[in-house]
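First to last, the protein sequences are chains S and Z. Per the UniProt record's numbering, the very first residue in the first sequence carries number 1; after that it's consecutive. Per the UniProt record's numbering, the very first residue in the second sequence carries number 1; after that it's consecutive.
Please keep in mind that the hints were generated in silico from the structure rather than gathered at the bench. Please read these numbers as outputs of a predicted model, since none were measured by experiment. For glycine and all other residues, C-beta sits at the position ideal for the given N, C-alpha and C. A hint or two may mislead.
Some chain Z residues close to chain S (C-beta under 8 Å, calculated; not the full set) [claimed, not checked]: (1) Ile31; (2) Thr53; (3) Pro122; (4) Gly138; (5) Pro156.
Chain by chain, the residues:
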Amino acid sequence: MSTTSPDLATGPLTVSPGGKRPKTFEQQNRRLRWLMLAPALGFVGVMIVFPLLFTLNLSLTDAFGAVNSGRRYLGLQNFADALGDTRRFWPALGRTAVFTIGAVVLETVLGLAIAMLMRKAFTGARLVRTILMVPLLATPVAIGILWLLILDPTNGIANHLLAGVGLPRQEFLGSVSQSLYVLVLLDVWQWTPMMAILLLAGLSTLPEEPEEAALVDGASAWQRFRFVVLPMLSTTLFTALILRAVDALKTFDILYATKGAGGGSDFEVETLNVYAYGLTFDYQEYGLAAAVLVLFTLVIIGVVLVLRRRSGRVS
Amino acid sequence: MATATALRTAPRRTPWGPLRAAAITVVCLVIVAPVVWMVAAAFKTNVQVTDPTVGLVFSPTLDNFRNVLADGEILRSMGNSAIVGVVSTALAAVIAVPAAWAVGRFAMHRTGSLVLVARIVPAISLLVPWYYLFAQIGLVGSYTVLVLSHMFVAVPLILWIMIGFFEGLPVELEEAARTDGLSAFGAFLRIALPLAAPGTATAAVLAFISSWNNFMFALILSDEDTKTMPVTLFTFISYASTDWGGLMAAATLMTVPVLLAAVFGQKYLVAGLTAGATKG
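Make the full structure from the sequences, and use the hints.
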């Protein structure tokens with residue numbers, strides 16, 4: 001990076017046009033790197049900045065029905081309405097919290113356990129790693145429909161298996177009280193392997209020496225895990241946690257595929273994402289929906305900031 | 001690695017070996033069993049599908065696949081998914097790979113992480129404005145809109161994976177190329193890009209899979225002719241909720257290509273999936 005001889009700035013696609021003073025490498029690179037970044041940044045910017053401003057603007061209006069019909073500015077009325085709505089908004093926020101915390105905690109604990117199980121080389125490791133990729137690559141809608149068949153209260157294999165070990169028949173997704181928890185478990189089935197893959201990759205980069213030292217010092221397996229491995233793994237752990245939390249907060253496909261558009265007859269799986277979707281595309285309450293989405297986005301940003309802060313403190 | 005091996009193979013008389021094997025087996029069974037059940041159901045008659053006592057031993061029938069394929073809609077939407085996936089992945093790679101090179105080579109992580117905003121924002125908050133904008137120019141329901149929306153997912157994904165790959169390439173090769181008279185861009189084009197080809201292929205496969213699986217964008221932005229596979233599968237469930245065999249055949253058809261990618265590209269896909277996360 002320190003070679004800055006101007007003589008070398010005469011490659012086939014040099015940035016400096018003839019006539020002008022030839023540019024040094026650093027100058028050339030400074031312009032080049034922005035040129036290389038521009039299309040991607042531009043694309044994401046255009047696709048995201050205009051929509052966010054549009055949504056922010058909508059959230060201040062009474063837009064309803066056709067998005068382009070006349071609308072009146074209400075100030076922060078939509079936000080007041082959403083935050084004062086104990087029938088749909090707050091329960092949806094609560095379900096989002098239950099779903100996200102439940103799924104992410106279980107996935108992290110189980111993922112870490114699986115990663116530790118697979119840490120030492122064993123025959124068939126390749127096959128197991130391939131198997132781990134299946135749920136996270138499979139189409140969520142297909143997965144949702146598959147579980148509908150398995151969990152069907154009358155004809156599904158799940159109840160058949162429960163009966164086999166003497167447990168009572170369950171309604172699963174047919175039940176108002178069970179649906180959210182069943183969906184947490186489906187999310188755990190689908191995303192624990194991803195957690196395991198990420199943590200396994202993290203484990204494989206750790207140095208061996210601290211553990212050997214702990215072993216020599218007579219630390220037990222649990223002590224070596226808790227006080228040596230876990231602290232070293234914390235960066236990977238929190239990165240995986242943030243990735244997973246953001247996606248869990250925004251879960252949509254599998255909720256929609258298993259419980260339909262409204263989140264069930266009693267809104268039992270209506271998370272903030274499903275609620276905002278319903279307001280937008282089923283009821284066309286664009287103004288209120290936009291306000292809910294702004295609040296939802298703030299929740300996600302809050303979660304990311306809290307997790308990042310926490311990860312900084314640990315590592 | 002000598003010390004590592006010594007630690008790992010140190011003889012310890014504990015029952016952990018068999019226990020560990022059993023635990024790993026259970027994990028694999030829990031993951032695989034539902035998918036096996038789906039594929040099996042695709043080959044069952046509708047009576048067999050809804051009879052939980054019919055396990056994995058039955059005389060398979062191809063009727064479900066025949067019916068589903070005879071409809072034509074599944075094949076057409078698979079075609080749509082393939083078109084949208086290939087085009088959006090290719091275009092996304094063209095703009096994301098050079099960007100990843102710039103971020104990786106010049107340590108512009110702050111700029112690179114700007115793109116991650118795209119992962120944080122809920123997709124629905126983008127859909128209404130997109131719908132509005134694209135309706136104005138009469139594009140809703142077109143392939144163009146689907147490609148653009150799927151690119152929006154693919155660009156950050158490819159960028160994120162490729163930053164790690166470019167950081168892993170020794171910068172000396174590009175520097176040597178420059179002293180041999182190539183411009184910085186020339187060095188990228190002729191040295192870095194070919195070396196990053198395996199990474200690009202991995203990122204592209206993952207981007208294609210995420211497009212293939214994407215439900216929400218196509219649910220809103222596609223029309224009857226441009227519907228992608230997940231949307232067709234979902235409308236299928238509301239029209240024919242009792243045709244479990246057909247549904248499972250359709251679900252199998254759309255899952256199999258992805259599973260094949262997992263089987264054949266396991267090593268590379270894991271590298272791609274973990275490239276961003278472990279370095280972040």
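Return the numbers of the hints above that this structure violates; sort them in rising order. Violated: hint 4 alone.
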